[in-house]
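Below are the chains, spelled out letter by letter.
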Amino acid sequence: MNPAPPAVSDDAALLHAAARRDEAAFAALYDRMARPVFSLVVRILRSRAEAEEILQEAFWQVWERAPDYRVELGSPFCWIVTIARRKAIDRLRANARHLQRIAAAQGARAEDDFVAPLGAESLGADERSAAVRAGLARLGNEERRAIALAFFDGLTHVEIAAALGTPVGTVKARIRRGLLKLKPALARLETTANH
Amino acid sequence: MIDERHEELAALHALDLLEGAERDAFVRTLAVNDELRDFAGRLREASASLAQVAPVIAPPPALKSRVLAGIATSAPPRTASGLFTFPSLLPWAAAAGFALLAGWFARLYIGARAETQLGSAQHALADLALQQVQQQLEAERILTRREIAGLTGQLTDARTQVAALDERRQHEADLARLKITALTSLLKNSPGAIGVAVWNPEKQEGVLHVDKLPAPAAGQDYQLWVVDPQYPNPVDGGVFTVDPQTGAQRVVFKARQPVRAIDAFAVTLERKGGVPKAEGPFVLLGK
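Protein chains in written order, with my numbering: chain A, 1494 to 1688; chain B, 52 to 338.
Hint data in this document are derived by calculation from the structure and do not stem from the laboratory.
Note that the structure is predicted; figures quoted are calculated from it, not measured.
Please note that a few of the clues may not be correct.
Unchecked claim - From the structure, some residues in chain A lie toward chain B, with a derived Cβ separation under 7 Å:
(1) Ser1532
(2) Phe1552
(3) Trp1556
(4) Ser1622
(5) His1650
(6) Val1651
(7) Arg1669
(8) Leu1672
(9) Leu1675
From the three backbone atoms N, C-alpha and C, an ideal C-beta is built for every residue, glycine too.
Please take these sequences and the hints and turn them into a complete structure.
Have a look at this one:
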């Protein structure tokens, strides 16, 4: 089961406390964020050992940069995911494994991108992940595919175009449409959470 | 109102797909456009939410301990444990410093040794290459020497042949220039006596070969004369005797005066030692 979806306000309060060197608040923030972030990093690197290193480095960076966090930068979850994801993709590119991803992307089915690999447990039925999955269901296969190759495999839009045999402009348009379709579902979720 | 172009840029920015100047320009636009900045933030949230659909895998509990141990001190957390105070770290720091210094020297030593070994190996390779070059040059030198010897032999042979040809040509030229005259007997008691005179005008010398001449009496010699029209009297060619048994003789002679043209050769019988001007009877004559 996934942990309870982090409430933005709670997460922000914990992050601000961490910025004041509150280790207990930072530990609580870790408890709320570590599992989805670790899942994402494992999904990107396809290696638990490397994912542990990245998660450790990511949270150390969160601790160091916590004083710089502002609400205007997005939710704490988004902020921490961005930090961890960039580190994971840097590692992926440093090992040139993203080239394998490009090759693997050619001929793979779009539906594979969001299917659980590595024998992981099934997704939790928490409200946030359900909302994201509902939003993804509104996307076309090509839109989901383009977004997944960018988000999980760290491919650039040029590499995605090469992998899919599609013009770069088309890839950009699919990403734009896909994220626009995904955005309202999350907005409703935030509205509900705020109330 | 946000146009499609900026929507697209915001979407790409949300997935970290913008790079370089395009990203910098978009970030500058965000700084001055509140609506676009809010829109881009929402797309960033949307993309980050995709992490929620990754297959769920729990991090190991020990990882949390490591993370928290790393942040226990405010210093960069990657190496500090946070469990020790500064004074208690001094011995460890000294030991670590010594270990680092020792390690540094060891590294220097190993590096120098490796460089020495590498240098030795390169030196050995250079020697080997030099030996190969020397052997090749020696082989080429031997071959060249043999070729030179062969060519020298051929040149010597050629020179010998040329010399022989020159000699032969000279000989043939000399023969062409030689004056050859057969002398017949004027003696009634020795009608078979003969002689052949060969004169080389270049060398101003000649050869006289006589046969079947009767041996001259004691106190007498045969004397050869060369008849040159430029002189009123025949030119003295010297005296000779013959073999008493065969009457033959071969005489190399020179004229007492320079000879330009020869009309005839003559042999007279004169008193011993010869005379300046022919006095005795003619024995042989040839024109």
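Each hint, compared with the structure:
Annotation: A:Ser1532 was flagged as interfacial toward chain B, and the flag holds, the nearest CB pair being 4 Å apart, inside 7 Å. Contact between A:Phe1552 and chain B, as hinted, is supported at the beta carbon level, the nearest pair being about 5 Å apart and thus within 7 Å. A cut of 7 Å between beta carbons decides the hint on A:Trp1556: the least distance to chain B is about 4 Å, and the hint holds. Checking A:Ser1622 against chain B by beta carbon gives a least distance of about 4 Å; that is within 7 Å, so the hint holds.
Restraint check, A:His1650 versus chain B: the minimum CB separation of about 5 Å is within 7 Å; hint holds. The interface hint given for A:Val1651 is violated, since its Cβ lies 9 Å from the closest Cβ of chain B, which is over the 7 Å cut-off. For A:Arg1669, the interface hint holds, the least distance from its beta-carbon to any beta-carbon of chain B being 4 Å, beneath 7 Å. Because the beta carbon of A:Leu1672 sits about 5 Å from the nearest beta carbon in chain B, less than 7 Å, this interface hint is met.
For A:Leu1675, the shortest C-beta to C-beta distance to chain B is roughly 4 Å, which falls under 7 Å, so the interface hint holds.
Of the numbered hints listed earlier, the single one contradicted by the structure is hint 6.
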